[in-house]
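Number of protein chains: 2
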Amino acid sequence: MNAKVSLTRKAVVLLSGGLDSATVLAMARQQGYACHALSVDYGQRHRVELEAAVRVARALGAVEQKTVRIDLAAFGGSALTDDSIAVPTQGVQKDGIPVTYVPARNTIMLALALAWAEVLEAQDLFFGANAVDYSGYPDCRPEYMRAFERMANLATKAAVEGHRLILHTPIIAMSKAVIIGEGLNLGVDYSLTVSCYQADAKARACGVCDACRLRRAGFEAAGVPDPTRYVPRRA
Amino acid sequence: MNAKVSLTRKAVVLLSGGLDSATVLAMARQQGYACHALSVDYGQRHRVELEAAVRVARALGAVEQKTVRIDLAAFGGSALTDDSIAVPTQGVQKDGIPVTYVPARNTIMLALALAWAEVLEAQDLFFGANAVDYSGYPDCRPEYMRAFERMANLATKAAVEGHRLILHTPIIAMSKAVIIGEGLNLGVDYSLTVSCYQADAKARACGVCDACRLRRAGFEAAGVPDPTRYVPRRA
Numbered sequence: 004m005n006a007k008v009s010l011t012r013k014a015v016v017l018l019s020g021g022l023d024s025a026t027v028l029a030m031a032r033q034q035g036y037a038c039h040a041l042s043v044d045y046g047q048r049h050r051v052e053l054e055a056a057v058r059v060a061r062a063l064g065a066v067e068q069k070t071v072r073i074d075l076a077a078f079g080g081s082a083l084t085d086d087s088i089a090v091p092t093q094g095v096q097k098d099g100i101p102v103t104y105v106p107a108r109n110t111i112m113l114a115l116a117l118a119w120a121e122v123l124e125a126q127d128l129f130f131g132a133n134a135v136d137y138s139g140y141p142d143c144r145p146e147y148m149r150a151f152e153r154m155a156n157l158a159t160k161a162a163v164e165g166h167r168l169i170l171h172t173p174i175i176a177m178s179k180a181v182i183i184g185e186g187l188n189l190g191v192d193y194s195l196t197v198s199c200y201q202a203d204a205k206a207r208a209c210g211v212c213d214a215c216r217l218r219r220a221g222f223e224a225a226g227v228p229d230p231t232r233y234v235p236r237r238a
Numbered sequence: 004m005n006a007k008v009s010l011t012r013k014a015v016v017l018l019s020g021g022l023d024s025a026t027v028l029a030m031a032r033q034q035g036y037a038c039h040a041l042s043v044d045y046g047q048r049h050r051v052e053l054e055a056a057v058r059v060a061r062a063l064g065a066v067e068q069k070t071v072r073i074d075l076a077a078f079g080g081s082a083l084t085d086d087s088i089a090v091p092t093q094g095v096q097k098d099g100i101p102v103t104y105v106p107a108r109n110t111i112m113l114a115l116a117l118a119w120a121e122v123l124e125a126q127d128l129f130f131g132a133n134a135v136d137y138s139g140y141p142d143c144r145p146e147y148m149r150a151f152e153r154m155a156n157l158a159t160k161a162a163v164e165g166h167r168l169i170l171h172t173p174i175i176a177m178s179k180a181v182i183i184g185e186g187l188n189l190g191v192d193y194s195l196t197v198s199c200y201q202a203d204a205k206a207r208a209c210g211v212c213d214a215c216r217l218r219r220a221g222f223e224a225a226g227v228p229d230p231t232r233y234v235p236r237r238a
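Residue numbers (the working numbering), protein chains in the order written: chain A, 4 to 238; chain B, 4 to 238.
One chain only, chain A, in its complex shape (with noise of 0.2 Å):
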């Protein structure tokens, strides 16, 4: 049996309600951390994800799931906020950063985390970035989430005091395949996530953004069934 840390030890865990942080979140609490998800409505497209966050924090035993709004939409510049670009459907980009990348949002996410963390006096943040899907993202790089660390433990009245903040992102150098497989091991239900940049209301999935692509290519790569539910195609 592992050791774990006592469960008073809480966490805040960045919950989409996508794959990924499904995956950390079961982590988290596989290592005993006592879990308040948090999940940050920032006038995504993809508002079903939200939906999902709730189900996938009631059903890996979160001790409470938060949904903060902030309207990132009013900025513009990316195309899960803004209406007038369209979300790539013709394969996942090769270069540069994509279109869906959301200026800033992985910083303003910890942010929040960072300030509710200190709140409920948690010392530890887990987030589900990822540096091998999303290598196209800034703000998914490991050197990124070093220095966030070390900016948050001078920002805050706790790190002040000696209680140094943690951030952890352990699934930061994974493959899909092996996030997939952790996950199961760790019995999270992947029906009850969603991914897609552009799910119907129904919570389906389109199945050609490149969320879809990547998450469907990891099952595959896993050997597992996608449990994943897609809106049906025009023949």
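Since the hints were made in silico from the structure, they are not lab data.
Quick caveat: nothing in here was measured; it's all calculated off a predicted structure.
Backbone N, C-alpha and C fix where the C-beta goes; we use that ideal spot for every residue, glycine too.
Any given hint might turn out to be false.
Simulated DEER-style distance windows between Cβ atoms [to be verified]: (1) D44(A) to G190(B): 38 to 48 Å; (2) A220(B) to V181(A): 37 to 47 Å; (3) T11(A) to E223(B): 41 to 51 Å; (4) L187(A) to H166(B): 34 to 44 Å; (5) A180(A) to G64(B): 37 to 47 Å; (6) L189(A) to A176(B): 43 to 53 Å; (7) R153(A) to G64(B): 30 to 40 Å; (8) G64(A) to V135(B): 44 to 54 Å; (9) Y233(B) to I169(A): 29 to 39 Å; (10) E146(A) to E124(B): 21 to 31 Å; (11) G210(A) to R153(B): 36 to 46 Å; (12) E67(B) to K205(A): 38 to 48 Å.
Fit chain B to the supplied structure of chain A, relying on the hints for placement.
Chain B alone, transformed into the frame defined by chain A:
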């Protein structure tokens, strides 16, 4: 005459509607920046400050002003957002971190400014943090600002493409009296600004909270009349 940067050089200026950030906006304008003023409605008690921000932005020639709403009160933990914690009125606390500290507030506000800067393709952020009057706030210290800037330069598409972001904190080491002197030289009308943590609906200051005490002492030390409108005190 000062060398000025081109007017096409954009800056995002965090503008609370208080004395400090109004002065910083005037400084950024004086340096020739086209200023995009960002105010953050984080559920603070002193909401008239946000109305002041709109007036100050107009008076000081900002290109535009946006107010972004985010519900930090959902987390609680500060006298400024949590109705169950009273704003202190018995004089400025000498030691430790005041209850008016809002967890991770500056990190969240700077993250939002970073997002807007990226969309605008601005490389300059101006922030009226002050490490003298607010020495108890960890996220007002110069070492925190440097860590945020470093993180920001790893976070964004612009930074990855080589456009370095600069976080300007021109008043961080100034006393309130010096800030007021600088602002008056630049034509700031301080009667438009609201600093009070619990101003009334007519934007009249309480005169007894920490922010009022620091502000009033600043005008006294600067040797200039205090234009603040105070709530009449009961006999």
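Cross-check of the supplied hints:
no. : hint                           : in the structure
1   : D44(A) to G190(B): 38 to 48 Å  : holds, 41 Å
2   : A220(B) to V181(A): 37 to 47 Å : violated, 60 Å
3   : T11(A) to E223(B): 41 to 51 Å  : holds, 49 Å
4   : L187(A) to H166(B): 34 to 44 Å : holds, 42 Å
5   : A180(A) to G64(B): 37 to 47 Å  : violated, 55 Å
6   : L189(A) to A176(B): 43 to 53 Å : holds, 50 Å
7   : R153(A) to G64(B): 30 to 40 Å  : holds, 37 Å
8   : G64(A) to V135(B): 44 to 54 Å  : holds, 47 Å
9   : Y233(B) to I169(A): 29 to 39 Å : violated, 46 Å
10  : E146(A) to E124(B): 21 to 31 Å : holds, 23 Å
11  : G210(A) to R153(B): 36 to 46 Å : holds, 40 Å
12  : E67(B) to K205(A): 38 to 48 Å  : holds, 39 Å
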